[in-house]
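*Asks:* All chains should be modelled from the sequences, with the hints used to inform the complete structure.
Chain by chain, the residues:
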Amino acid sequence: MEPVGCLTPFTLSVKDLPWIILWDKEKCTLCGRCTAVCPVRAIELGVHRKRAINVSVGLTEKPGNLFTVYHGIDQRTDPVHACVGCGMCNLVCPNNCIIPAHNEEIDKLRFHNNVGGVPRRRGGRRNVPGVILDQIKFIRISMLTDPALDAGRHEFELRTLLGRILPPEEMVRVTQENGWTPPVREIYPLVIGSMSFGALSPNMWEGLQMGVAYLNEELGMPVRMCTGEGGCPPRLLRSRFLKYVILQIASGYFGWDEIIHALPEMKEDPCAIEIKYGQGAKPGDGGLLMWYKVNKLIAAIRGVPPGVSLPSPPTHQTKYSIEESVAKMIQSMYMGWGFRVPVYPKISGTSTALAVLNNLTRNPYAGALAIDGEDGGTGAAYNVSMNHMGHPIASNLRDAYLNLVKLGKQNEIPLFAAGGVGKSGNLAANAAALIMLGASGVQTGKYMMQAAAGCLGSESDRCNICNIGICPKGITSQDPRVDRRLDPEKVAERVVEVFLTFDTELKKIVAPLGRSTSLPIGMSDAIGIADHHAAERLSIRYVV
Amino acid sequence: MTKKAKIVLAGMEKGIRVDSRILEERIQKAVTDGHRSIEIIAHGQHGIGGRLWKAGEESVLIRVLGTAGQRLGSMGFPNTFIDAIGPVSDDVGWLNAGAHIVVRGNATNGVGNAMAQGKIYVTGDTGARAMTMTKHNPRFDPPELWVLGSVGDSFAEFMAGGIAVVCGHETPRVDNILGYRPCVGMVGGKIFFRGPYKGYSSQDARLTPPDDAEWKWLTSNMKAFLDTIGRAELYPRLTGDRSAWQLLVALKPHEKHSGPSKSMGQFRKEVWDRELGARGLIGDLSDLDRSPIDVITTGILRRFVPIWENEKYLPPCQAGCPTGIPVQKRWALIREGLMEKAVDLALSYTPFPATVCGYLCPNLCMENCTRQKENLPAVDITLLGKASLKAMPPAPAPKTGKKIAVIGGGASGLSVAWQLWMKGHEPVIYEMRARLGGKITDMIPGSRIPDEVVEHELSRVSKQVQHINLKHPLTKKEFSEVKERHDFTVIAVGAQKPRMIPVPGNERAIPALEFLRQSKAGKAVVGEKVVVVGAGNVGCDAAAEAARLGAKDVTLIDIQEPASYGKERKAAEAAGAKFLWPRFTKAITETAVELTDGQILPADTVIVSIGDQPDLSFLPEDIATQRGFIVVDDHFQTSDPQVFAIGDAVKLGLLTDAIGAGRLAATAIDNVLKGWYETFDKLPPIDPGRVKLEYYDPSILAFDDPAYCASQCASCGACRDCGLCETICPVNAISRKQGDGDQYEYSVNGDKCIGCGFCAGACPTGIWLLVENEPLE
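Top to bottom, those sequences are chains A and B.
Convert by adding 134 to the 1-based position in the first sequence; the result is the number in our numbering.
Convert by adding 223 to the 1-based position in the second sequence; the result is the number in our numbering.
One thing to keep in mind: the hints can contain errors.
Mimicking PhoX-like on lysine-lysine, the simulated pairs with C-alpha atoms at most 20 Å apart in a straight line are [claimed, not checked]:
id, chain 1, residue 1, chain 2, residue 2
1, A, K624, B, K492
2, B, K694, B, K720
3, B, K485, A, K624
4, B, K699, B, K720
5, A, K159, A, K149
6, B, K552, B, K613
7, B, K564, B, K552
8, B, K694, B, K706
9, B, K596, A, K184
Every beta carbon over 10 Å from chain B, so not counted as near; a handful from chain A, in silico [stated by the list, open to error]:
id, residue
10, P143
11, W157
12, S190
13, L292
14, V318
15, A396
16, S466
Hints were generated in silico from the structure; no laboratory data involved.
Fair warning: this is a prediction, and the values are worked out from it, not measured in the lab.
Glycine included, C-beta positions come from ideal geometry on N, C-alpha and C.
*Replies:* This is the structure:
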């Protein structure tokens, strides 16, 4: 679009970009809505000169040029303003005359989105669509062999346990010896995974919490949501809704002094404490909430002054060995609530997960282990971490579960799986697959953003600009001009609908197994896959 | 076939139970044989009494004694009446298609499962899942189930039609006669019941008192039921209190609503905000309005706002002009029809608008013209320059009485004196030569500019500015005397002293400026072969002059690629001069220039043009110099605050550099004298990318008419009042506001503006800028 001038290495054409704006001059009414809404200002009004050659038939007169000027919507091609494919332009266009189309070939932008020598950072998930969980089939359909249940007719109590479950003999011994048994919560097996107040907009966060409260109080579904690292609003800490909340502590320790100050005023204990050691989307890396996102509100909740950058380092500073770090953290967090609240670590999917798990089995306090696989989402990470680092959740979780089986402790330390659950939209199927592979429950974050708030992000690298604070749906922004696009009430309604739907679908899957009260955790004879290697690796049936 | 007497079929023969298949064969045979009353002493046989269609329209009575097996009367026909004397097992009346079955006792699970027609009377209680999956086929009457006592759990599951009546009479289930979770999945039919219950599936059924028609139906059919089961005495008791009866009716599809009952809005108000406090989760932390907004917003909610940046940046022409002439403003005046004003304006900036802009200047304004970005011809200032001959000087400011000495009457000296005169001061030029003009009059070849132009402009300035012709080089003493007598002194002596190359025979060469001066005076002589050492623009002038004076073979050498360009270079090339580089001079002989590489360039005349230096012999020691030039700061002030220095005495440059320096130095002096500072010149240049050239005709190759030329000026960074922004704004947020006189501005109504940036996109001059709105907190 630009006139031919001096080329620079990063001079790109529209053809080089991942998203190409298709604009229909005929249909456009030049209303300005598309350019007003574009989050990255990828489009602008352009002036164009049109030339026509006037030639009289028979060449009786001297031919002449006729120049006219028209205005249209132009796509900018500099890397900073490259279209992200969110499609908001199309959403607001009254005439459906503008839409981003995915470039059919590998874009050239990827070689240039490191302005200033800074590698690309973005939000979203690994840019690889699909997940192996989608391929897992539920092959055990009991019609006459087991008491087959009817998902629509029978009553189900789909609950799972979070907390250290002692075997009976141990329970007796422990009760006699020190009078303390680990706290255990009976919760819904689908947990809203950790997304911080700050990573999410206030309206999004409130919407999720409101939906969770509704599910608990109006529908009797004990759904829990993890705060993520970023503290917890003081009002929530002092409300009865706190019992629906899993508080997360991570390497930045943000907001924890506010939580401690709220201890004397808490009406309820939180559901649990999650100690975050790693995240599936960016294993081995930390986070950084940029100073410009740290407004008054975020600052108050995190207990910091406004306008400072908030780093969450990749590691906790004062922990030097697995034995020490796990024991130290778990002990401390138990003490916060008088040993009444389960405490568990969350790690990113890794080939070292078993080392962590084995350690936990020897720690009588460890309440669970959450593992977040490579397909997890995030608000901000280096592209390289997201795309290339981490362990898939299926085999990681499976190894962990079979290891517990080997130790005879599979009913004692619940495993929670996360990372790409519902990535292709198959939330219940993915969750059920993980449960049958050995998970006691699953956590999901990105799916909630997509289903409850209309997140536009995709694994075709659509949108994925959560990190720059201009989420076009207002989900990950701190700017009221954007986040007020989101109505917390509507988010809450969708949360409820998502869980009701999930519940029905999960019932449809477990009913033919004759399960209505206990989840089929580790019931791997009920699943199969049409991939021999995957079947072997996961120790499940190979079915074709 | 005649009707035969009652037949008795035994379910047990010789102590051996008759197989269900055999008993069925015998019942069917009895019917075929014409028996219409059959008594069966059952021993748990399956499906007794069903499928008796062979009797046709004739009714068949099946009396069951003993223990009926499962599915008594299954697939029963309308002609069949089954009277079971005693309790029955599961699924009595299964898939009943019309039989009337009476159970004199209790029935276990699945009573009437999937029945579509017929009636089942139970005189006791039923087990679980009675009246489940029942249908009503509109071709027939609906099926009926009458239970004198109570029903078990999961009653009426998936009931799709028919009528059930549960009388709640004499049942051990005293607190719940409908069992656990009745009516799940119920889609049709109705259930009359009388007695306590513990819930039903409210998603599927609704509770209502029977209306008159329903009550009438119930009471009249109750009679038949009680008569049939021999309990007519209960009639008054069961029908005496209408209010004891309730009715469960399947919800119609449109009455069913999936999802929770309490709206989220209600929950938020009644539960959420009540527990957390007003304004919810963070109502205590933020006062900001957080109510939902549209995607397209106006006012403070716009993400971007346009700013009318009129004349906030310098146009590239003006920014590129060392003299600082507001070139674009002049074209704007012409567009307004004010040609004279446009011409006169130049004199505020330079005393030589015609001489320099029209002829001698390489016209940096045109080189910087935004139009060149798209290969459009630059707006041609020389047209305007030449027209400036007629320009009228502005009226000077009131006299200040301040005296400023200007040493040197060349381009820079005249410029600073002209500016100081306009500002009301009294400049005095001390010129060491016979006439004013410096290089312009002294050295620039006549071919480049007509003499009368120079004369005209010189006389214009000399009429206004006092000058003293010293006619001798200034001495130190004279300089300090001059300085004493004036408030400020400006040194504008130029660079008159040629630099020579330190090689043997350099005395044989003539400095270029000297040569040009002689040439201009008509005194220069050249040989046939001329070598010019130094191929800059002065060298080119010299080469062209040498050719004009008769040289046949002119060669310019340089130690690097020649820096000459523009008119000078073209003139030299047109004169046939050859350019050689890199070449290093070793010696100058009488006949040639010898080069370090051994080459000999024959030369009758050698002209050296490697630059000039100022002659600063008059300069007191306390004024700092560096490499022969006077050191000045950004305001052209020397190390002596009372002394300024400009032009080639400071740094070699173009005429326009010298004129510009004069203007800036005059401004600096004036600023000091009046105590405040003007800043317009300090504006940054506009990004030419903001200017839209698509509005202009690309077929123009050159301009010959100033008025048309003015129309094609892109007016970079300065509003041309075209009104396009007003027009293109999709929401009519932009309007033109007339101010005093010819003042105006375009302003944005924030309440309408959506921040689309169309104004910025369309503005031909690039003055609209779309910026991010102020943060909200």
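*Asks:* Which numbered hints are broken by the structure, listed smallest first?
*Replies:* none
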